[in-house]
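Chain by chain, the residues run as shown.
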Amino acid sequence: MSPTRVPVVDGWFSSEGGEFRLLGTCCRGCGAVYFPREDVFCRAPGCAGTELTEMPLSRRGRVWSYTDGRYRPPAPFPSGPEGEWRPYTLIAVELAAERMVVLGQGAPGVTVADLAVGMEVEVVPGVLGEEGGRTLTTWHWRPVAEEAS
Amino acid sequence: MTGEVAVLGAGMHPWGKWGRSFVEYGTKAARAALADAGLQWSAIQSVVGANTVRCGYPGQVSGATFARALGWQGARVTSVYAACASGARAIDTARAQILSGMADTVLVVGSDAAPKGFFAPAGGERPDDPDWLRFRVLGATNPAYFALWARRRMAMYGDTAEDFARVKVKNAAAGAANPYARYRSPVTAEEVAASPVVADPLRLLDICATSDGAAALVLGSMETARRLGMRRPVRIRAVSSVSPSHPRTALDLPDIATDSAPPGSPASDPFRPSIARAAYEEAGLGPEDLSLAEVYDLSTALELEWYEDLGLCGPGEGAKLLREGATALGGRIPVNPSGGLASFGEAVPAQAIAQVCELTQQLRGQAGERQVAGASAGITVNQGLFGHGSSVVAVR
Numbered sequence: 001m002s003p004t005r006v007p008v009v010d011g012w013f014s015s016e017g018g019e020f021r022l023l024g025t026c027c028r029g030c031g032a033v034y035f036p037r038e039d040v041f042c043r044a045p046g047c048a049g050t051e052l053t054e055m056p057l058s059r060r061g062r063v064w065s066y067t068d069g070r071y072r073p074p075a076p077f078p079s080g081p082e083g084e085w086r087p088y089t090l091i092a093v094e095l096a097a098e099r100m101v102v103l104g105q106g107a108p109g110v111t112v113a114d115l116a117v118g119m120e121v122e123v124v125p126g127v128l129g130e131e132g133g134r135t136l137t138t139w140h141w142r143p144v145a146e147e148a149s
Numbered sequence: 001m002t003g004e005v006a007v008l009g010a011g012m013h014p015w016g017k018w019g020r021s022f023v024e025y026g027t028k029a030a031r032a033a034l035a036d037a038g039l040q041w042s043a044i045q046s047v048v049g050a051n052t053v054r055c056g057y058p059g060q061v062s063g064a065t066f067a068r069a070l071g072w073q074g075a076r077v078t079s080v081y082a083a084c085a086s087g088a089r090a091i092d093t094a095r096a097q098i099l100s101g102m103a104d105t106v107l108v109v110g111s112d113a114a115p116k117g118f119f120a121p122a123g124g125e126r127p128d129d130p131d132w133l134r135f136r137v138l139g140a141t142n143p144a145y146f147a148l149w150a151r152r153r154m155a156m157y158g159d160t161a162e163d164f165a166r167v168k169v170k171n172a173a174a175g176a177a178n179p180y181a182r183y184r185s186p187v188t189a190e191e192v193a194a195s196p197v198v199a200d201p202l203r204l205l206d207i208c209a210t211s212d213g214a215a216a217l218v219l220g221s222m223e224t225a226r227r228l229g230m231r232r233p234v235r236i237r238a239v240s241s242v243s244p245s246h247p248r249t250a251l252d253l254p255d256i257a258t259d260s261a262p263p264g265s266p267a268s269d270p271f272r273p274s275i276a277r278a279a280y281e282e283a284g285l286g287p288e289d290l291s292l293a294e295v296y297d298l299s300t301a302l303e304l305e306w307y308e309d310l311g312l313c314g315p316g317e318g319a320k321l322l323r324e325g326a327t328a329l330g331g332r333i334p335v336n337p338s339g340g341l342a343s344f345g346e347a348v349p350a351q352a353i354a355q356v357c358e359l360t361q362q363l364r365g366q367a368g369e370r371q372v373a374g375a376s377a378g379i380t381v382n383q384g385l386f387g388h389g390s391s392v393v394a395v396r
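Protein chains in written order, with the UniProt record's numbering: chain A, 1 to 149; chain B, 1 to 396.
One chain only, chain A, in its complex shape (with noise of 0.2 Å):
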């Protein structure tokens, strides 16, 4: 039997539709968006929105900074069984039609060699770990294939 899949956290993002988006949240007074969500209070200053809806993000974004963890990350990072750590990448990503920067993991295979700042990459599926016979899932980020001019 394959372990249960589960969102390491819950209504972040979601493949409803068969299209995997982030799932942010806009306050209905301002405009403001938020990720991770806010669902209670709109946190703009001059804004005392309570009514924030669901919004999926930007699918697609630029690179605005990368690097990677060549050190195992203290709990509760759900980095498996004790044994060789495996460097992973994390990429912050610039979504121009919110104005703001969401971070995440790189993509299996995506190491800093791959990456440049202003990269255009999307967001994917992906495995966070196992944990508790559990598997984890979460975002990635991953370089946009050249498309054919």
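Bear in mind the hints are in silico, worked out from the structure with no lab data behind them.
Fair warning: there could be bad hints in the mix.
One-sided excerpt, in silico: chain B residues whose CB lies under 10 Å from chain A [stated by the list, open to error]:
| hint | residue |
| --- | --- |
| 1 | Leu133 |
| 2 | Val137 |
| 3 | Gly139 |
| 4 | Ala147 |
| 5 | Ala199 |
| 6 | Thr258 |
Residues of chain A placed beyond 12 Å of chain B at every Cβ, according to the derived structure [to be verified]:
| hint | residue |
| --- | --- |
| 7 | Ser2 |
| 8 | Ser15 |
| 9 | Glu16 |
| 10 | Gly17 |
| 11 | Arg21 |
| 12 | Arg43 |
| 13 | Thr53 |
| 14 | Ser65 |
| 15 | Arg70 |
| 16 | Arg72 |
| 17 | Glu82 |
| 18 | Glu84 |
| 19 | Arg99 |
| 20 | Glu122 |
| 21 | Pro125 |
| 22 | Thr135 |
A few chain B positions that, by computed beta-carbon distances, are all more than 10 Å from chain A [claimed, not checked]:
| hint | residue |
| --- | --- |
| 23 | Val23 |
| 24 | Pro121 |
| 25 | Pro127 |
| 26 | Leu202 |
| 27 | Ser241 |
| 28 | Val242 |
Every residue, glycine too, gets a C-beta built ideally from N, C-alpha and C.
Start from chain A and add chain B according to the hints.
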């Protein structure tokens, strides 16, 4: 300007990994500061502790913990927490008490016994804590954030790994002359380049260690300083305590994302420069008036960022200022003549107080081999998790 307070005494416990209690370090630093002020503990009217969240309940009521260790004597007691800015917040609290007339003599203490390796969030299942979430969801350690900023500098300004190494070499040279520093050996660029990568592009020697350490100050009113016969005390002229402006568009600890800027809105005031600007405005001076600066060099690359945020040079010109030697001992504006976090390591609630201890020694002309000639004004700056910014200006 809101008025000045006097630094009556300053004291520290050497940084290192000593394996002792933060109470011991803090109490020793406090006794050193009291001795430096020439005051008995019984003459202190208020104690302000900068909290250490790692050291259990006593660490979170640090003011009372130090008051108890020194001997209960009825003083007013306060404990503050603001992550890396805790020490500066403690100084700010003491200053407010003095300027409002609530107390004439205030002891400020910050002390930590830090674990080895990466700082980690408090335990448990706590998805409502952004600090817990960034470790849980991304494994994003503090050095990962430092590295994102370092890489961004390389892409935007052409900074190189060699520039970053130069910061370490400079600070290690200064720290070698500081008896309170943990690392007291010169470091070469080759040694930085040979150290393992922690978070690309930053190497182990680009990133500050975690350390035990403590620092304390006795602050008082100018009237008290006169009464004690201090004719030219070091004076604290400004303590900036600003928070960021919404939308905060620079990715920073411990956030997974920035705020979004509404369509068509102008960019908001960036946070780090606003910390220094508030201090300059309050002190009635500017970067051109400074003799030295103590900045929070959690990473080598971050020190270059602070040069620009303090207005010591224009945006993107930090590495140039460094290469010219302006920020080294003997340069036009020495930065981190104490050796900085590169030489001390980080003892979170103590470091911002230690920065002011260094200003005090420099402004008194007591800094020995690392003395900045004719020092008359200095600034410290640091930034704490969750939007705490702090900067202290001291003059003599």
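**Item:** Cβ separation check - arginine 72 (chain A) to all of chain B, threshold 12 Å
**Value:** The claim is violated: arginine 72 (chain A) sits with its nearest Cβ about 8 Å from chain B, within 12 Å.
**Request:** Find the nearest Cβ of chain B to the Cβ of glutamate 82 (chain A) and say whether that gap is larger than 12 Å.
**Result:** It holds; glutamate 82 (chain A) is separated from chain B by about 15 Å at its closest Cβ, greater than 12 Å.
**Item:** Non-interface claim for serine 241 (chain B), where every Cβ of chain A lies beyond 10 Å
**Value:** holds (17 Å)
**Evaluation of the interface hint that places valine 137 (chain B) against chain A, nearest CB under 10 Å** = holds (5 Å)
**Request:** Verify the interface restraint on alanine 199 (chain B): the C-beta must sit less than 10 Å from at least one C-beta of chain A.
**Result:** The hint holds - alanine 199 (chain B) has a Cβ within 10 Å of chain A, the shortest such distance being about 5 Å.
**Request:** Report holds or violated for the interface hint on alanine 147 (chain B), using the least CB-CB distance to chain A and a cut-off of 10 Å.
**Result:** holds (4 Å)
**Request:** Compute the least Cβ-Cβ separation between valine 242 (chain B) and chain A, then decide whether it is above 10 Å.
**Result:** holds (14 Å)
**Asked** Taking the closest Cβ pair, is leucine 133 (chain B) under 10 Å from chain A?
**Response** With a closest approach of 7 Å, the leucine 133 (chain B) hint holds.
**Item:** Non-interface claim for arginine 70 (chain A) versus chain B (Cβ beyond 12 Å)
**Value:** At about 5 Å from chain B, arginine 70 (chain A) fails to clear the 12 Å cut-off, so the statement is violated.
**Prompt:** Are all beta-carbon distances from arginine 99 (chain A) to chain B longer than 12 Å?
**Reply:** violated (4 Å)
**Request:** Determine whether the non-interface label on threonine 135 (chain A) survives the test: each CB of chain B must be over 12 Å from its CB.
**Result:** holds (15 Å)
**Request:** Grab the minimum beta-carbon distance between threonine 53 (chain A) and chain B and tell me whether it stays above 12 Å.
**Result:** The claim stands: threonine 53 (chain A) keeps its Cβ more than 12 Å from every Cβ of chain B (closest is about 14 Å).
Taken one by one, the earlier hints fail for this structure at numbers 12, 14, 15, 16, 19, 24, 25, 26, listed in ascending order.
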